[in-house]
Amino acid sequence: MSESLASEPKGHIEVSNFSLSYDSIEGPVQAVTDTQIHVKPGEFVSIVGPSGCGKSTLLNAVAGFLKPTTGISTVDGERVSGPSAERGMVFQQYSLFPWKTVRENVEFGLKMRGMPRSQRERAARTLLGLAGLEAFEKHYPEKLSGGMKQRVGIVRALATGPKVLLLDEPFGALDAQTRVIMQQILTNMWQRLKISVLFVTHDIDEAIFLSDRVYCMTARPGSIKAEIPIPLERPRQQAMMMSSEFLALRRGLMSLIREESLKAMGGEINDMGMQGLNIELHGHSLADVI
Amino acid sequence: MSSPAILRHPEDSMPAIAEAGPVPAATPPATPPSFGTLALRWYRLNQGRLRATAIGIISLLAFLLVWHLLTSYRVVFFVRFTNVPSPLAVYASFTKAIHDPKFLMHIVLSCRRIFIGFSLAAIVGVPLGLIMGRFKLVHEIIFPVAEVLRPIPAIAWVPMAIMLWPTNEQSIVFITFLGSFFPILVNTLHGMSLVDPVLVRAAQCLGARERSIFREVYFPASLPHIFTGLTIGMGVAWVSLIAAEMISGQYGIGYFTWEAYSLVQYADIALGMIAIGVLGLGSSLLIRGAGHLVMPWRSTR
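So the protein sequences, as listed, match chains A and B.
Letter by letter, the first sequence follows residues 4 to 293 in my numbering.
Letter by letter, the second sequence follows residues 79 to 379 in my numbering.
Treat the hints with care, as some may be off.
[Said to hold, decoys possible] Below, a sample of chain B positions facing chain A; criterion: calculated Cβ distance under 7 angstroms:
id, residue
1, 109
2, 132
3, 276
4, 277
5, 280
6, 283
7, 284
8, 285
9, 286
10, 290
11, 293
12, 375
Derived by calculation from the structure, the hints in this document are not laboratory data.
Backbone N, C-alpha and C define an ideal beta-carbon position, used for all residues, glycine too.
Generate coordinates for the entire structure from the input sequences, incorporating the hints supplied.
What follows is the structure, given as structure tokens:
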């Protein structure tokens with residue numbers, strides 16, 4: 004954590020008094036309410052929470068795709084008013100352009116900035132080399148595996164040199180082995196580029212392994228339930244995931260999230276599910292039994 | 079939660095990024111394979127296609143044979159083959175026709191009408207569909223009118239077209255245009271409605287503005303459907319053209335076919351029909367080829 008502050012990292016994210024509600028026929032639906040988060044320059048911060056808690060909504064607002072109902076988000080003091088190349092984004096569905104080759108995908112942001120062809124080709128090749136993808140520069144995304152696609156997605160988002168990188172469950176669609184490798188690739192790149200990262204996931208191990216700090220959100224309407232610093236030293240190794248320190252963090256986060264997940268689906272389980280399943284609670288709370 | 083990979087490599091340190099890259103599969107063998115092995119491999123890989131081609135040829139030959147038998151024995155069984163020309167008669171009139179400048183002129187004129195009518199339809203239909211798909215107001219204004227006009231078959235436009243346009247030639251081209259216009263428009267619109275919004279978002283946070291998003295995302299994403307529209311449009315263009323030529327033409331392959339009937343030149347009827355079929359097939363092959371050229375990411379599938 005300390006070495007990431009060595010040079011001059013950028014990308015201070017500040018979200019304050021944030022709330023967001025949708026209109027529906029039954030009136031406004033509160034998706035996220037009264038939320039403050041921040042990411043210090045060069046920091047790696049994750050948001051975890053039960054599904055549907057609004058963590059992606061929050062991320063999309065920082066990206067500039069959604070307008071908050073109240074509150075603002077700023078990056079380095081500048082108010083977020085719409086999507087911009089300063090905030091790179093990586094999506095769960097990869098969202099590579101199928102009609103562009105791997106290299107053309109990576110070049111896209113540079114092309115939008117008006118960089119001449121030969122220059123951006125060179126830049127894209129260098130970046131692809133870092134991700135071990137130079138052999139695939141002429142392939143179309145369809146031919147790539149999920150892990151390779153997402154590596155292209157990350158490289159593409161980083162190509163324009165954004166201040167912050169936003170990732171929306173980027174490894175959610177990958178198998179466990181690939182995910183571990185991708186986590187390390189992401190860590191490597193983050194440490195090299197010294198940018199701020201805001202990472203949304205529902206995988207607690209992933210959040211702890213990657214982050215300097217983890218925000219845990221409540222069930223809908225989402226707000227910040229807890230903020231957990233992760234004091235594990237870097238560079239982190241997979242062996243750490245078996246350490247007592249890691250497991251303690253994991254246990255803590257797990258129980259926080261379980262509480263919220265049960266709250267989110269509690270109604271169904273209490274009223275119908277338990278009767279149907281005929282589970283004896285013996286005075287224990289539901290959380291203890293499950 | 080803890081993945082098997084973690085358990086298997088407890089001391090694993092962070093792998094270098096390059097290591098994560100998959101190794102290219104199948105290294106080439108030391109000695110180049112002989113011609114025989116290559117030919118065998120090629121045969122195995124293309125077995126399905128070879129089979130389809132072989133069966134296709136046999137089926138066409140069988141069709142010709144049945145046609146020949148039906149006409150040479152003048153079969154009457156519900157349908158009357160008494161006056162139907164035999165394949166040989168049609169072939170004879172074909173060999174005569176290809177040396178006849180008038181026949182070639184019929185074909186050239188029909189092709190020219192298709193080219194002009196279809197090109198105009200594509201030039202108007204594709205951009206209009208793209209714009210309607212992108213701008214709601216344009217869609218709301220144009221769509222109702224298009225929906226009312228669309229079900230009217232191009233043939234029903236013949237009298238109106240004759241009134242609208244000063245020359246016969248122009249009215250025939252107009253009808254060809256109408257026939258292909260609506261399939262092109264509707265399919266372009268459909269393609270636009272299916273563009274993945276996440277791709278638009280991805281482009282936006284890479285710094286793309288409205289214009290670039292249109293050119294780099296909406297247009298290529300809609301191309302497969304645009305080409306579906308062009309293929310259907312080409313088919314309907316021929317249908318409309320032939321109908322228009324039969325009703326109001328003085329030249330063209332449709333007129334040739336109809337004239338052959340009036341002049342009791344039965345072999346020429348079949349010749350005209352086959353010519354229409356071949357021209358229609360050729361033009362849709364052209365469009366498919368253009369599709370492969372324009373969308374290389376799809377033809378590698």
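Verification of the hints:
no. : hint : result
1   : 109  : violated, 25 angstroms
2   : 132  : violated, 31 angstroms
3   : 276  : holds, 5 angstroms
4   : 277  : holds, 6 angstroms
5   : 280  : holds, 4 angstroms
6   : 283  : holds, 4 angstroms
7   : 284  : holds, 4 angstroms
8   : 285  : holds, 3 angstroms
9   : 286  : holds, 5 angstroms
10  : 290  : holds, 6 angstroms
11  : 293  : violated, 11 angstroms
12  : 375  : holds, 4 angstroms
In this structure, the earlier hints numbered 1, 2, 11 are contradicted, and the remaining ones agree with it.
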